[in-house]
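Sequences listed follow chains S and R, in order.
Counting in numbering that gives the first Met the number 0, the first sequence runs from 0 upward without gaps.
Counting in numbering that gives the first Met the number 0, the second sequence runs from 0 upward without gaps.
I should point out that these hints are in silico values taken from the structure, not numbers from a laboratory.
Values in this document were obtained by computation on a predicted structure and should not be read as measured data.
Among these hints, one or two may not hold up.
[To be verified] Once the Cα atoms are required to be at most 25 Å apart in a straight line, the calculated BS3-like pairs of lysine-lysine come out as:
(1) Lys62(R) with Lys52(S)
(2) Lys328(R) with Lys101(S)
(3) Lys166(R) with Lys207(R)
(4) Lys64(S) with Lys30(S)
(5) Lys338(R) with Lys109(S)
(6) Lys109(S) with Lys62(R)
(7) Lys111(S) with Lys4(S)
(8) Lys115(S) with Lys319(R)
(9) Lys109(S) with Lys4(S)
(10) Lys335(R) with Lys109(S)
(11) Lys251(R) with Lys115(S)
(12) Lys338(R) with Lys101(S)
(13) Lys62(R) with Lys19(S)
(14) Lys305(R) with Lys251(R)
(15) Lys62(R) with Lys305(R)
(16) Lys342(R) with Lys319(R)
(17) Lys111(S) with Lys342(R)
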Amino acid sequence: MSSPKIWRQRIERYRLLGQKCKGCGKVYFPKRLVCPECGGRDFGEESMPETGKIVTYTTVYVGPKFMENDTPYVVAIIEFANGVRVTTQVVDVSPEEVSAGKEVKFVFRKLKDEGKTGVIVYGYKAQLV
Amino acid sequence: MVGIVGYGSYVPRYRIKVEDIANQWGRDPEVIKRGLMVNEKTVPGTDEDTITISVEAGRNALKRAGIDPRLIGSCYVGSESHPYAVKPSGTIVAEALGITPEVHVADFEFACKAGTEAMWVAYNEVKSGELQYALAIGTDTSQGAPGDALEYTASAGGTAYIFGKEKVVAEVVETFSYTSDTPDFWRREGAFYPRHAGRFTGEPAYFKHVYNAGVGILKKAKMKPEDFAYAVFHMPNGKFPQTIGKKLGFSKEQIEPGWVVPYMGNTYSGSSPTGLSATFDVSKPGDMVFIVSFGSGAGSDAFIFKVTERIDEVRNLAPKVREMLDNNKIYLDYGKYAKFREKIILNE
Ligand SMILES: [Zn+2]
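Let the sequences and hints guide you as you build the complete structure.
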C-alpha cells in the first residue's frame, strides 16, 4: 500500500467509519463509490459498532518485516452485527486463547512502523472482550 | 460553572512484577518492593504508544461526556514520550477522536506534569469563553534504563479530561502552580533513556514543589485538608505521595483511592491524572478533591475540584481505573519485557 493511499484512508481506519447506502440501506466498510446491491451512489457516513465476533482466524508464524518480532500473532475475520466483515490482528492474546465466535472490541493501535525513522501508521485492531 | 464534563483513562494489559526486575539484576525483591511500595507496573504492547493510549483514554472521556466531538475546540497531549520528535501526537489523536479539523492542537512537555499543565490551559480556554469544550490528556510510555532504579516503576497509561461549562462532573474550584529551575531529572534530545540526580530528586525537587503548591492552593482557597474527601499526588513510587500527603495534613484514607501506583507504577504525565480519575470513580456528589502533580525540571500544578451530582450518571459509562488494573492482566517475564520495550539491540 502506498503512503498517499494510507494517508487518504486514515479517517476510515482511525474511526472505523463506513457508509450506508441511502437507496437500499446496506452498510459498507471500507467505503465504496457504487452500491453493489442496488447500484446507488448516494451514501451516508455510518460508524461501525465497537464490538464484533470472530468468524475465523489464523496464526501467523512468519510475518512481514515490521511484525517479525511479534510472531506468532493472530489475524482474524471479524463480523459486526450489521453484517460488515473486516480482517485484522487480534492483540494482547496468545493463539490458544482465540476461537471462532468470541467477542472482540476494536482498539486503536500502531499498524506499521516504517523503520525507526519512518512514518508510523495507526488504525484499528481487535482485542478479546 | 466550569469544570470536567468527561474523564477517561486507559492502561495496557501487560504487566511485569517488580520482583522479576529485581531478580534479573541480583537485587533483593522484598527490599525493593518495600522501599518503593510498588508490586508491579504496566507495560505497553509493542503496538502501543503515547498516541494509541491517548486515543483510548480520549474515547473513554467522550463516552462519559456524551458530547459531539466536533464541539471540542482544543486538543492537548502532555507527555515525555511523544513517538515523534517533530510531528504532533495531538493531530493523530484529534483525528482519531473525530475532533478535527476546526481545533487548536499542541503537544505539551514538562516531564511528569505535562498532563496537568494541559488541563490548566484547557480549563482556562473554557473559562475565558473562547471555547465550548477543551480536551487535555496526560499519557506516557516511559522507559528506565536497564538496571536503573527507574526501571522498577516507569510504566504506561494515560487519562483524558474534557472541560466545559454544561453537564459538569467536577467543578474547578481553584488552581495554583509552583515552579523553579531544578535539574533533578532530564533526557537530552536524541538520548533513549533519561538521567536523574539520584537522591537529589527527593527534597529539593518533588517534596519542595508539591508541598509549596499544596500549601499555596489551600491558602488561596482558604481551605484545610479536613475539607477534602480525597487527595491525589504525583506517584513516582508508592512512598513519596504518602509522605507528602502526611506532611500536608492529609490522611491515608483520603489518599487511598487515587494511590494507584502499587499496581500501575509511575505513568509519568499520566500518573496524577490517572490517580484523579480513579478517585472520581469512587467520589460522591459534593466531595471536594485535591490534586497536586509534579514534573521534574521542576514544578507542580494544584487543582481543587468539587464533584457534582452528574458523577453518578457518568461513572459507569466507561471502564474504571481499578477495573482496568485488576482485570485481563498478562504477565511478562524480564526477557519478554526487554523485547517488548526494545531494550535488546537487534541487527537492522
Ligand atoms: Zn444500495
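For this session: Find the hints from earlier in the document that the structure breaks and name them by number, from lowest to highest.
Result: Violated: hints 3, 4, 8, 11, 12, 16.
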